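Work the whole structure out from these sequences, hints included.
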Amino acid sequence: MAFDSTYTRELPLVDSRSSFAEIDDTVLAPTERKPSKKWFVAFLMANTALLIGAICVGYTLYYGIGMWGNNNPVGWGFDIINFVFWIGIGHAGTLISAILFLFRQKWRTAIARFAEAMTIFAVMTAGIFPILHTGRPWLAGYLLPYPNQNALWVNFTSPLLWDVFAVSTYLTISFVFWGIGLIPDIALMRARAVSGIKKSIYAILSLGWKGSNRDWQNYERVYLILAGLSTPLVLSVHTIVSFDFAVSVIPGWHTTIFPPYFVAGAIFSGFGMVSTCLIILRKVYDMENIITLNHIEKMNKILLATGTMVGYAYGMEFFIAWYSGNPFESFVFINRAFGPYAWAYWIMIACNVGFPQLFWFKKIRRNIGITFVLVLLVNVGMWFERFVIIVTSLHRDFLPASWGMYIPTMYDLGILLGSFGLFFTLLLLFVKVMPSVSLAEIKAVVPGAQPTHHHHSEEH
Amino acid sequence: MLKKILKLDEDLAKDGPRSSKVHSVAALFDTPDEIIHAAAETSNAGYDKYDVYTPYPVHGMDAAMRMKETVIGKFAFLAGFTGVSLAVAMIGYMSGFDYKNIIGGKPFFNLPASIPIMFELTVLISGLFCVFGMLLLWNKLPQISNPLHDTNFMKYTSSTRFGVAIEASDAQFDVDKVKSFLAGVGGKDIEVVYYPEENIVPQTPIFNRQFIYTLILVAIVTALGTYGAIGKLVNILPFDWMHNQFKVNPQNTSTLFKDGRSMQRPVDGTVARGYMPYEYTGMPDSLVKLLSNPVPMDEKSITRGKKQYNTYCSPCHGYFGAGDSRLNGQFPNPPTLHSKKVREWADGNIYNVMTNGQNTMPSYAKQISRDDRWAIVNYIRVLQRAENAKDTDLP
Numbered sequence: 001m002a003f004d005s006t007y008t009r010e011l012p013l014v015d016s017r018s019s020f021a022e023i024d025d026t027v028l029a030p031t032e033r034k035p036s037k038k039w040f041v042a043f044l045m046a047n048t049a050l051l052i053g054a055i056c057v058g059y060t061l062y063y064g065i066g067m068w069g070n071n072n073p074v075g076w077g078f079d080i081i082n083f084v085f086w087i088g089i090g091h092a093g094t095l096i097s098a099i100l101f102l103f104r105q106k107w108r109t110a111i112a113r114f115a116e117a118m119t120i121f122a123v124m125t126a127g128i129f130p131i132l133h134t135g136r137p138w139l140a141g142y143l144l145p146y147p148n149q150n151a152l153w154v155n156f157t158s159p160l161l162w163d164v165f166a167v168s169t170y171l172t173i174s175f176v177f178w179g180i181g182l183i184p185d186i187a188l189m190r191a192r193a194v195s196g197i198k199k200s201i202y203a204i205l206s207l208g209w210k211g212s213n214r215d216w217q218n219y220e221r222v223y224l225i226l227a228g229l230s231t232p233l234v235l236s237v238h239t240i241v242s243f244d245f246a247v248s249v250i251p252g253w254h255t256t257i258f259p260p261y262f263v264a265g266a267i268f269s270g271f272g273m274v275s276t277c278l279i280i281l282r283k284v285y286d287m288e289n290i291i292t293l294n295h296i297e298k299m300n301k302i303l304l305a306t307g308t309m310v311g312y313a314y315g316m317e318f319f320i321a322w323y324s325g326n327p328f329e330s331f332v333f334i335n336r337a338f339g340p341y342a343w344a345y346w347i348m349i350a351c352n353v354g355f356p357q358l359f360w361f362k363k364i365r366r367n368i369g370i371t372f373v374l375v376l377l378v379n380v381g382m383w384f385e386r387f388v389i390i391v392t393s394l395h396r397d398f399l400p401a402s403w404g405m406y407i408p409t410m411y412d413l414g415i416l417l418g419s420f421g422l423f424f425t426l427l428l429l430f431v432k433v434m435p436s437v438s439l440a441e442i443k444a445v446v447p448g449a450q451p452t453h454h455h456h457s458e459e460h
Numbered sequence: 461m462l463k464k465i466l467k468l469d470e471d472l473a474k475d476g477p478r479s480s481k482v483h484s485v486a487a488l489f490d491t492p493d494e495i496i497h498a499a500a501e502t503s504n505a506g507y508d509k510y511d512v513y514t515p516y517p518v519h520g521m522d523a524a525m526r527m528k529e530t531v532i533g534k535f536a537f538l539a540g541f542t543g544v545s546l547a548v549a550m551i552g553y554m555s556g557f558d559y560k561n562i563i564g565g566k567p568f569f570n571l572p573a574s575i576p577i578m579f580e581l582t583v584l585i586s587g588l589f590c591v592f593g594m595l596l597l598w599n600k601l602p603q604i605s606n607p608l609h610d611t612n613f614m615k616y617t618s619s620t621r622f623g624v625a626i627e628a629s630d631a632q633f634d635v636d637k638v639k640s641f642l643a644g645v646g647g648k649d650i651e652v653v654y655y656p657e658e659n660i661v662p663q664t665p666i667f668n669r670q671f672i673y674t675l676i677l678v679a680i681v682t683a684l685g686t687y688g689a690i691g692k693l694v695n696i697l698p699f700d701w702m703h704n705q706f707k708v709n710p711q712n713t714s715t716l717f718k719d720g721r722s723m724q725r726p727v728d729g730t731v732a733r734g735y736m737p738y739e740y741t742g743m744p745d746s747l748v749k750l751l752s753n754p755v756p757m758d759e760k761s762i763t764r765g766k767k768q769y770n771t772y773c774s775p776c777h778g779y780f781g782a783g784d785s786r787l788n789g790q791f792p793n794p795p796t797l798h799s800k801k802v803r804e805w806a807d808g809n810i811y812n813v814m815t816n817g818q819n820t821m822p823s824y825a826k827q828i829s830r831d832d833r834w835a836i837v838n839y840i841r842v843l844q845r846a847e848n849a850k851d852t853d854l855p
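Residue numbers (the working numbering), protein chains in the order written: chain A, 1 to 460; chain B, 461 to 855.
Derived from the structure by calculation, the hints contain no laboratory data.
Bear in mind that the values here come from a model prediction, so they are computed numbers and not experimental data.
C-beta: ideal position from N, C-alpha, C; glycine also.
Hints may contain errors.
What the hints assert, rightly or not - Taking CB as the label site, the calculated pair distances span:
#, chain 1, residue 1, chain 2, residue 2, range
1, A, 315, B, 553, 37 to 47 Å
2, B, 704, A, 75, 19 to 29 Å
3, B, 754, A, 155, 53 to 63 Å
4, B, 678, A, 147, 22 to 32 Å
5, B, 562, A, 322, 44 to 54 Å
6, A, 315, B, 684, 53 to 63 Å
7, B, 527, A, 59, 56 to 66 Å
8, B, 712, A, 147, 30 to 40 Å
What the hints assert, rightly or not - Dumping the calculated DSS-like pairs for lysine-lysine here, alpha-carbon to alpha-carbon at most 25 Å:
#, chain 1, residue 1, chain 2, residue 2
9, A, 301, A, 363
10, A, 34, B, 615
11, B, 766, B, 718
12, A, 283, A, 37
13, B, 600, A, 198
14, B, 615, A, 198
15, B, 766, B, 801
16, A, 37, A, 106
17, A, 38, A, 198
18, B, 639, B, 615
19, A, 38, A, 283
20, A, 432, B, 615
Encoded structure:
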C-alpha cells in the first residue's frame, strides 16, 4: 500500500505466539500504567462539562422543566432530541458487535469492545432525558407495570411504553453482551496483575474464568445466541423510538418510512461517533496497528452507505408530502426547507447527505485528518436531524393560530453539554480500567491463531 | 494507614501457600496445532477429568476433545418462549382483564400493539437466562479460588500459550504416569498443581452458606430500603409553592386571634342567608294557617312555581295535581290537590306540607328554596282555580 506505512503496519503475528504478548502489552498498557497528562486534560474537560450539566439538571429538578425552552406548540424540545440522538449513537456498537459478528466480519474484533462500551454509555446518557422530561423523575417507577395502591396499570398500546421496554431491554442485553466479552480479558488481567488489590478486584470481576475449553464451548454458543438476539433487538429499538413520532398524527411525523429511516440514521450517527472516538483513542494510546487504517476505511464505507440511505429518506419524505396531496404534509416540508428553521435543515442536509459523499474517494477514506472532520460533521448533522424532525414539525401544525417558535434556554444547552460530559467521562474511565480491544477475540483472528489442519466436518 | 494498605496489597498479591494435595498435572504447548494434537491424544488415552486451557477458543477443539454439543441453544429457546408467554399473560391480564380502558376504540387486549413488548421480553428473558445459565449452571462460575489460578500455567494459558491439565480426580490418575504421558505428546513446562492450603475442598462460593445468608440479608435490606424510599418519594410534592402560600387556611390554628382559630365563629344568633328557622313544625293546621304568603301572586311567581312544581311535585301529584302519579305504583298515589280540603286550606297549610312533609310525603325544604315553595303554592292555586272554573271565568 502506498499510503502512510505506520498506519497500515500489521503486527508480525505469523512467526510465533510471542506476538500475542505484544497485543496484550499494547492493549493493556493504558490499564497498567499511570494515565498520561493528555488523559487528565481530557478527563478534566469531560468532568467540567458533566458538572455544568449536573448544575442545569439540579435547577431543572428544583424549579421544574419550566426552565427549558419547551413551550406550547413545541412540547418536545432538547430533551427528546437528545434522547433520540444518544440512543442512535448506541446503535453502531450493537451493529458492530452483533450484526457484523453474524456476518463473520473479522475486522470488527478490533473495534467491537470499544463500540459496545459506547453503546452502553450512550444508552445510559439517553435514558436520562425522558426521565427528566417527565418532570418528576423520582416517580419514574410508575413507567413500569408494577402492582400499586392506585390499582392502575400502564397503557400497553402507547409507543412511549414500548420505548420503556425497548430501551431497558436494550441496555440490559448490551450490558451482559459487553460483560461476558470482558470476562476472559479480565481473567487475563488477573493473571498479569502485580498489585494485590488489583488482583483481587480482577479476580472477582472475572468470576474466576479459567479459559478452559469446556467453558469456551458454552461461552461461544451463548455469544452467538446473544448476537442473534441483539440483531433484531437493535433494529427494534430505533423502530420503536420512531413509533413515538410515526404513531402520532402530526404532519411530518406520521409517515411509514420512519422506522427504516431512523434505523439507518442511528447506524450512521453511531458510526460517526465510533470513528470520532477511535481516531483519538488509537492516536493517544498508540494502537495504530491494532485499530488500523483499514478499519477506518471500512467504517467510512458504512458511513457512506448509511448516509446515502438517510439522504434517500429525506428525498422520499418530500416526494410523499407532494404525492399524498395532503396540504398540511406538503406545508410542513416546504416550511422545513424554507421556513424559519431552514438553517437547521440545510445544516442537516449538508452534514448528512453532502459531505459524506466525499467518501466515494479512496484517498479521502484513508485520510485520517479529513475523516476526522467529516465524522465530526456527521455527529453535528445527525443531532440537527432530530432537531429538524421534532421542532419544525411541532412549531407549525394544522392551526396557524397556534404556531410558535422554539428557542432553547441556557439550561437546555447546559444539559446537552452535560450529556457529552457524562458520555466522555464514562468512556475515559472505561479506557483507563478495561481493555478497550477484546483480546480473546482479536487473538483468535490473527493469522496463525487457528490450527492448520482441522477436519472440516468438525467445524461448527 | 497508607502503610497498612500497601502491606495488605503485598499480602494479597502473594500466592498463598500450597498444601501437598495434588489438584492436577499441567503442561504447556506453543502452537494451536500442537494443542489440538495433545487434546486428541489425551482423550484417546482414556482420560476423563481433564481440560484444555486456551487464551481464546480454538477451532476444532470440541471435536478433538470429543465433547458433546452444548444444549444452551435449546435452553435459550425455552427461555425465549417463557418470555413471550409472560408478555402475553401480563398484557392480557393487565389491560384485557384487570384494568379495562377503551383506547382508540380498540379491543382491550390489543394484539398488534402488544407485539413490541412481546418481542422485547422474549429477547430480554432469553438473553438473561442464557448468560446467567452459562455462567452459573454450565460453567459453574463464580469460582474465584480454583487451584489452577495464580499458577505459572494459568499465566501463560490466559495470554500466549495453550495448556492441558489432567486432574487428580481422574480414575487413572498417577502423577508420574501423567507427567510422562504429557511429555510424550509434546508438553513443555510440566507442572504439578497443588491445592492452596486453606482451601483443600474446591467449592463453588455461590453455594456457600455465609454467601447465601449475606445475599438474603442484602435482599431484605434493599427491599425494605426501596420500599421506604418509594413511600417517601411518592409523597414528595413536586413544586409546592402554589400549595404553600402565606395566607390563612380555614382549619389551621392562628396566632393572631385569642382563641387560636384562624376562621372566627359567627356572632351568636347569626342566621345564614336562606336558612331562617321554621317555627311551625308539628303545629295543628289551625295554627299553621296563620303563616302568610310573602310572595305576590303575579305572572313571575306563577311561571317560577310552574317550573318548580313540574320538576319536584308532578312525578307524584301529576302535572295538574290530580294525583295521577307517574311512578307506576312504586310509591303510594297521593290524593288530588283539588279536594275541598286543600282548596279551603290557607296558603300556609300547603307550604307546611312541602316544608315538613305529611305522612308518606317527605319534606322538600332541603331541595326547594323558601321563595320557590311559596311560588309553588301560588301555582297550585292557579291549578285549583282552573279545575274548578266558574262560568263567569270564561271570556
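Hints, verified against the model:
Against the hinted window of 37 to 47 Å, the Cβ-Cβ separation of residue 315 of chain A and residue 553 of chain B comes to about 46 Å, which satisfies the hint. Taken as a hint, the range 19 to 29 Å holds for the pair residue 704 of chain B and residue 75 of chain A, whose Cβ atoms sit roughly 28 Å apart. The given range of 53 to 63 Å is respected by residue 754 of chain B and residue 155 of chain A, whose C-beta atoms sit roughly 59 Å from each other. A hinted range of 22 to 32 Å for the beta carbons of residue 678 of chain B and residue 147 of chain A is consistent with their spacing of about 23 Å.
Between residue 562 of chain B and residue 322 of chain A the C-beta distance comes to about 37 Å, which lies outside the given range of 44 to 54 Å. Between residue 315 of chain A and residue 684 of chain B, the C-beta spacing of about 58 Å keeps the proposed range 53 to 63 Å intact. Here the CB-CB span from residue 527 of chain B to residue 59 of chain A is close to 60 Å, well matched to the stated 56 to 66 Å. The hinted window of 30 to 40 Å between residue 712 of chain B and residue 147 of chain A holds, with their beta carbons roughly 36 Å apart.
With a CA separation close to 12 Å, the supplied pair residue 301 of chain A and residue 363 of chain A stays within the 25 Å bound. Only pairs whose Cα atoms come within 25 Å are accepted, and residue 34 of chain A paired with residue 615 of chain B is accepted, the gap being roughly 23 Å. As the CA atoms of residue 766 of chain B and residue 718 of chain B are separated by approximately 51 Å, the hinted pair breaks the 25 Å bound. Taking the CA atoms of residue 283 of chain A and residue 37 of chain A, the gap is about 14 Å. The hint holds against a cut of 25 Å.
For a cut-off of 25 Å, the pair hint linking residue 600 of chain B to residue 198 of chain A stands: about 23 Å separates their Cα positions. Proposed proximity of residue 615 of chain B and residue 198 of chain A is supported: the alpha carbons are some 16 Å apart, at most 25 Å. For the proposed pair residue 766 of chain B and residue 801 of chain B, the alpha carbon gap of about 22 Å is at most 25 Å, so the pair holds. Straight-line distance between C-alpha atoms of residue 37 of chain A and residue 106 of chain A comes to about 34 Å, which puts the hinted pair past the 25 Å bound.
With a CA separation close to 24 Å, the supplied pair residue 38 of chain A and residue 198 of chain A stays within the 25 Å bound. Restraint check for residue 639 of chain B and residue 615 of chain B: satisfied, since their Cα atoms lie roughly 20 Å apart, inside the 25 Å limit. The straight-line distance between the Cα atoms of residue 38 of chain A and residue 283 of chain A is roughly 11 Å, inside the 25 Å bound, and the hint therefore holds. Only pairs whose Cα atoms come within 25 Å are accepted, and residue 432 of chain A paired with residue 615 of chain B is accepted, the gap being roughly 22 Å.
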